[in-house]
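> Given next are the chains, with one letter for each unit.
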Amino acid sequence: MDNQTNELINNEIKSNEVCLFMKGTPDAPQCGFSMAVTNILKMLEVNFKGVNVLADQNLREGIKVFSDWPTIPQLYVKNEFIGGCDIVKEMYESGELAKLLEDNGIEFKKKS
Amino acid sequence: MAMDLKEIESLIKEALPDAKIEIQDLAGDGNHYSATVISSQFAGKSKIQQHKMVYNSLKGKMGNELHALAVKTKEN
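Residue numbers (the working numbering), protein chains in the order written: chain A, 1 to 112; chain B, 113 to 188.
Each hint should be verified, as a subset may be incorrect.
EDC-like, lysine to aspartate or glutamate: derived pairs with alpha carbons at most 20 Å apart [said to hold, decoys possible]:
no. : chain 1 : residue 1 : chain 2 : residue 2
1   : B       : 164       : B       : 130
2   : B       : 157       : B       : 116
3   : B       : 159       : A       : 96
4   : B       : 184       : A       : 96
5   : B       : 186       : A       : 93
6   : A       : 89        : B       : 187
7   : B       : 157       : A       : 80
8   : B       : 159       : A       : 45
9   : B       : 159       : A       : 93
10  : B       : 186       : A       : 90
11  : A       : 111       : A       : 90
12  : A       : 23        : B       : 177
13  : B       : 173       : A       : 80
14  : B       : 164       : A       : 90
15  : A       : 64        : B       : 177
16  : B       : 184       : A       : 45
17  : A       : 89        : B       : 134
18  : B       : 186       : A       : 96
19  : B       : 164       : B       : 134
20  : B       : 164       : A       : 61
21  : B       : 164       : B       : 126
22  : B       : 157       : A       : 90
23  : B       : 171       : A       : 96
24  : B       : 164       : A       : 80
25  : B       : 159       : A       : 107
26  : A       : 78        : A       : 107
27  : A       : 111       : A       : 61
28  : A       : 89        : A       : 102
29  : A       : 111       : A       : 45
30  : B       : 171       : A       : 61
31  : B       : 157       : A       : 68
32  : B       : 173       : A       : 96
33  : A       : 42        : A       : 68
34  : B       : 157       : A       : 96
35  : B       : 184       : A       : 103
36  : A       : 78        : A       : 102
37  : B       : 184       : A       : 61
38  : A       : 49        : A       : 107
Since the hints were derived computationally from the structure, they do not count as laboratory data.
Working from the sequences, and respecting the hints, build out all of it.
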């Protein structure tokens, strides 16, 4: 991975508390897995930045090296890699994701 | 760009010999699978580590030959 890509990723995860590297954009996901994670974040009404890896081939490959994770989407919360689609889904269903957001002081809609 | 279900199973089995593995071909196209893997080797590991163990067993095929594999891991 080149320095520029490394810097770009570092910058995104530092400046966005909740950052999702995805295929497509939050409004128009280009892959079912990216859409699934986007939908979860939308249901929780979390503010997040969606970074479209399809717009940048270096980023698309670089993020896999950066996280040591072979697939996209990838969710970061407060600079920390949380997981891909399967893990995020499981954490949402078990309530762990809500807890993680709460523990990190990130605003979201709590289930009533 | 497709992979046989048996090939996935044997690669996981090779890395995690005690694993109970259930694989489904979700779309019937040899390209979208889901795998549930139950192994004692997951004990004490985070979800990220557990999933990485499954991905690593596939020796770089994940994200290449294998487009979509939904993974679920459990300790036994």
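> Compare the structure with each hint and give your call.
Structure-based check of each hint:
no., hint, in the structure
1, B:164 <-> B:130, "holds (17 Å)"
2, B:157 <-> B:116, "violated (28 Å)"
3, B:159 <-> A:96, "holds (12 Å)"
4, B:184 <-> A:96, "holds (16 Å)"
5, B:186 <-> A:93, "holds (15 Å)"
6, A:89 <-> B:187, "holds (18 Å)"
7, B:157 <-> A:80, "holds (17 Å)"
8, B:159 <-> A:45, "violated (24 Å)"
9, B:159 <-> A:93, "holds (14 Å)"
10, B:186 <-> A:90, "holds (12 Å)"
11, A:111 <-> A:90, "holds (16 Å)"
12, A:23 <-> B:177, "holds (18 Å)"
13, B:173 <-> A:80, "violated (25 Å)"
14, B:164 <-> A:90, "holds (16 Å)"
15, A:64 <-> B:177, "holds (16 Å)"
16, B:184 <-> A:45, "violated (26 Å)"
17, A:89 <-> B:134, "holds (19 Å)"
18, B:186 <-> A:96, "holds (16 Å)"
19, B:164 <-> B:134, "holds (17 Å)"
20, B:164 <-> A:61, "holds (17 Å)"
21, B:164 <-> B:126, "holds (15 Å)"
22, B:157 <-> A:90, "holds (16 Å)"
23, B:171 <-> A:96, "violated (30 Å)"
24, B:164 <-> A:80, "holds (16 Å)"
25, B:159 <-> A:107, "violated (24 Å)"
26, A:78 <-> A:107, "holds (13 Å)"
27, A:111 <-> A:61, "violated (36 Å)"
28, A:89 <-> A:102, "holds (17 Å)"
29, A:111 <-> A:45, "holds (11 Å)"
30, B:171 <-> A:61, "holds (17 Å)"
31, B:157 <-> A:68, "holds (16 Å)"
32, B:173 <-> A:96, "violated (30 Å)"
33, A:42 <-> A:68, "violated (26 Å)"
34, B:157 <-> A:96, "holds (16 Å)"
35, B:184 <-> A:103, "violated (25 Å)"
36, A:78 <-> A:102, "holds (12 Å)"
37, B:184 <-> A:61, "violated (24 Å)"
38, A:49 <-> A:107, "holds (14 Å)"
Taken one by one, the earlier hints fail for this structure at numbers 2, 8, 13, 16, 23, 25, 27, 32, 33, 35 and 37, listed in ascending order.
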